[in-house]
Amino acid sequence: ISLEVYTNFRILSMPATDAVTGTATYFSKYDIVRDDYRTLMATCALPGFCRPVQVNHHYYYDGGVADSIPVQHALDDGCDKLVVILSNPRDFVKQPEAHRPIYKRMLHKYPKTIEGIDHRHINYQASIDLTAKLEKEGKAFVFAPSKHLNLGTFSKDAALEQKLYDLGVFDYKTQSGKLLAFLQK
Numbered sequence: 001i002s003l004e005v006y007t008n009f010r011i012l013s014m015p016a017t018d019a020v021t022g023t024a025t026y027f028s029k030y031d032i033v034r035d036d037y038r039t040l041m042a043t044c045a046l047p048g049f050c051r052p053v054q055v056n057h058h059y060y061y062d063g064g065v066a067d068s069i070p071v072q073h074a075l076d077d078g079c080d081k082l083v084v085i086l087s088n089p090r091d092f093v094k095q096p097e098a099h100r101p102i103y104k105r106m107l108h109k110y111p112k113t114i115e116g117i118d119h120r121h122i123n124y125q126a127s128i129d130l131t132a133k134l135e136k137e138g139k140a141f142v143f144a145p146s147k148h149l150n151l152g153t154f155s156k157d158a159a160l161e162q163k164l165y166d167l168g169v170f171d172y173k174t175q176s177g178k179l180l181a182f183l184q185k
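So the sequence shown is numbered by the working numbering: it starts at 1 and just counts up by one.
For the record, the hints were derived by calculation from the structure and aren't laboratory data.
One thing to keep in mind: the hints can contain errors.
Listed below are the simulated DMTMM-like cross-link pairs for lysine to aspartate or glutamate, each with C-alpha atoms no more than 25 angstroms apart in a straight line [stated by the list, open to error]: (1) 136 with 80; (2) 185 with 171; (3) 178 with 157; (4) 94 with 129; (5) 112 with 31; (6) 81 with 135; (7) 178 with 97; (8) 104 with 91; (9) 147 with 129; (10) 81 with 171; (11) 136 with 91; (12) 185 with 137; (13) 136 with 97; (14) 94 with 31; (15) 156 with 137; (16) 139 with 77; (17) 133 with 80; (18) 156 with 97; (19) 178 with 166; (20) 109 with 97; (21) 81 with 129; (22) 94 with 118; (23) 147 with 91; (24) 156 with 166; (25) 136 with 76; (26) 139 with 76; (27) 112 with 97; (28) 81 with 91; (29) 94 with 166; (30) 185 with 129; (31) 185 with 77; (32) 185 with 97.
Working from the sequences, and respecting the hints, build out all of it.
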């Protein structure tokens, strides 16, 4: 992020999951210290694949465990118009985590994180439902891929990743007029 863009953010809120409590913590741009990117690392430290990241005497994992789509948090922060960018098509239904025995053993020190992973699919769907409601009310604009591309979190298929990128550019171009109209209301 360029310094000019960074300083012009009124609010920048990045969720991370407190490994001990399993609750979301929202870091702001003021939590990022020059040459110390632990807050950013904490927001994307996948449980079971990364160690929790220590920030200010607390340990954190990826914010998606506690708040995959922080729509309610944005509303609570006073936002009255939201642009929500989904990484899956609108009809995607998140399933319960399939590897519970593995992550239960790996994360045994953090039972609340395990509980968060166990309920992630339920919380994700609640955020999707709220987003759909806000969209119907004219309070949210939603970008979602227009088709499925079977690209997982750990994909290393450069061609498939390029297809997803190209799809995102195409979807943006087809919806940019609607986005501008939404923002000007």
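Against the structure, the hints:
1. Distance restraint check for residue 136 and residue 80: the Cα-Cα separation of roughly 14 angstroms lies within the 25 angstroms cut-off, and the hinted pair is therefore satisfied.
2. Of the pairs offered as hints, the one joining residue 185 and residue 171 holds, with about 21 angstroms between alpha carbons and a cut-off of 25 angstroms not exceeded.
3. A distance of roughly 32 angstroms separates the Cα atoms of residue 178 and residue 157; the hinted pair therefore is violated under the 25 angstroms criterion.
4. With a C-alpha separation of about 13 angstroms, the suggested pairing of residue 94 with residue 129 holds against the 25 angstroms cut-off.
5. Restraint check for residue 112 and residue 31: satisfied, since their Cα atoms lie roughly 24 angstroms apart, inside the 25 angstroms limit.
6. Distance hint between residue 81 and residue 135 is fulfilled; the C-alpha atoms sit about 10 angstroms from each other, no more than 25 angstroms.
7. Restraint check for residue 178 and residue 97: not satisfied, since their Cα atoms lie roughly 35 angstroms apart, outside the 25 angstroms limit.
8. Between residue 104 and residue 91 the alpha-carbon distance is near 29 angstroms, which puts this suggested pair outside the 25 angstroms criterion.
9. Our distance criterion of 25 angstroms between C-alpha atoms is met by residue 147 and residue 129, whose separation comes to about 19 angstroms.
10. Between residue 81 and residue 171, the direct Cα distance comes to roughly 20 angstroms. Compliance with the 25 angstroms bound is thereby established for this hinted pair.
11. Restraint check for residue 136 and residue 91: satisfied, since their Cα atoms lie roughly 16 angstroms apart, inside the 25 angstroms limit.
12. A distance of roughly 13 angstroms separates the Cα atoms of residue 185 and residue 137; the hinted pair therefore holds under the 25 angstroms criterion.
13. A threshold of 25 angstroms between alpha carbons decides the hint, and for residue 136 with residue 97 the separation of about 30 angstroms lies outside it, so the pair is violated.
14. For the hint pairing residue 94 with residue 31, the CA-to-CA distance comes to about 31 angstroms; that exceeds 25 angstroms, so the pair is violated.
15. Between residue 156 and residue 137, the direct Cα distance comes to roughly 39 angstroms. Violation of the 25 angstroms bound is thereby established for this hinted pair.
16. Between residue 139 and residue 77, the direct Cα distance comes to roughly 15 angstroms. Compliance with the 25 angstroms bound is thereby established for this hinted pair.
17. A hinted pair counts as satisfied when its Cα atoms are at most 25 angstroms apart, and residue 133 with residue 80 qualifies at roughly 13 angstroms.
18. Taking the CA atoms of residue 156 and residue 97, the gap is about 21 angstroms. The hint holds against a cut of 25 angstroms.
19. A threshold of 25 angstroms between alpha carbons decides the hint, and for residue 178 with residue 166 the separation of about 19 angstroms falls inside it, so the pair holds.
20. Proposed proximity of residue 109 and residue 97 is supported: the alpha carbons are some 19 angstroms apart, at most 25 angstroms.
21. Taken as a hint, the residue 81 and residue 129 pair is honoured in the structure, with Cα atoms around 16 angstroms apart against an allowance of 25 angstroms.
22. At most 25 angstroms may separate the alpha-carbon atoms for a hinted pair to count; residue 94 and residue 118 meet this at roughly 12 angstroms.
23. Between residue 147 and residue 91 the CA atoms are separated by roughly 10 angstroms; this keeps the pair inside 25 angstroms, and the hint holds.
24. Of the supplied pair hints, the one linking residue 156 and residue 166 holds, its CA atoms being roughly 17 angstroms apart against a limit of 25 angstroms.
25. As the CA atoms of residue 136 and residue 76 are separated by approximately 19 angstroms, the hinted pair is consistent with the 25 angstroms bound.
26. A hinted pair counts as satisfied when its Cα atoms are at most 25 angstroms apart, and residue 139 with residue 76 qualifies at roughly 14 angstroms.
27. Proximity of residue 112 to residue 97 is assessed by CA-CA distance (about 15 angstroms); at most 25 angstroms being required, the pair is judged to hold.
28. A C-alpha spacing of about 23 angstroms is found between residue 81 and residue 91, which places the hinted pair at or below 25 angstroms, so the restraint holds.
29. Our distance criterion of 25 angstroms between C-alpha atoms is met by residue 94 and residue 166, whose separation comes to about 24 angstroms.
30. The hinted pair formed by residue 185 and residue 129 meets the criterion: a straight-line CA distance of about 23 angstroms does not exceed 25 angstroms.
31. In summary, the hint linking residue 185 to residue 77 is supported, as the alpha carbons are separated by about 20 angstroms, within the 25 angstroms threshold.
32. Among the hinted pairs, residue 185 with residue 97 is inconsistent with the structure: their alpha-carbon atoms are about 40 angstroms apart, more than 25 angstroms.
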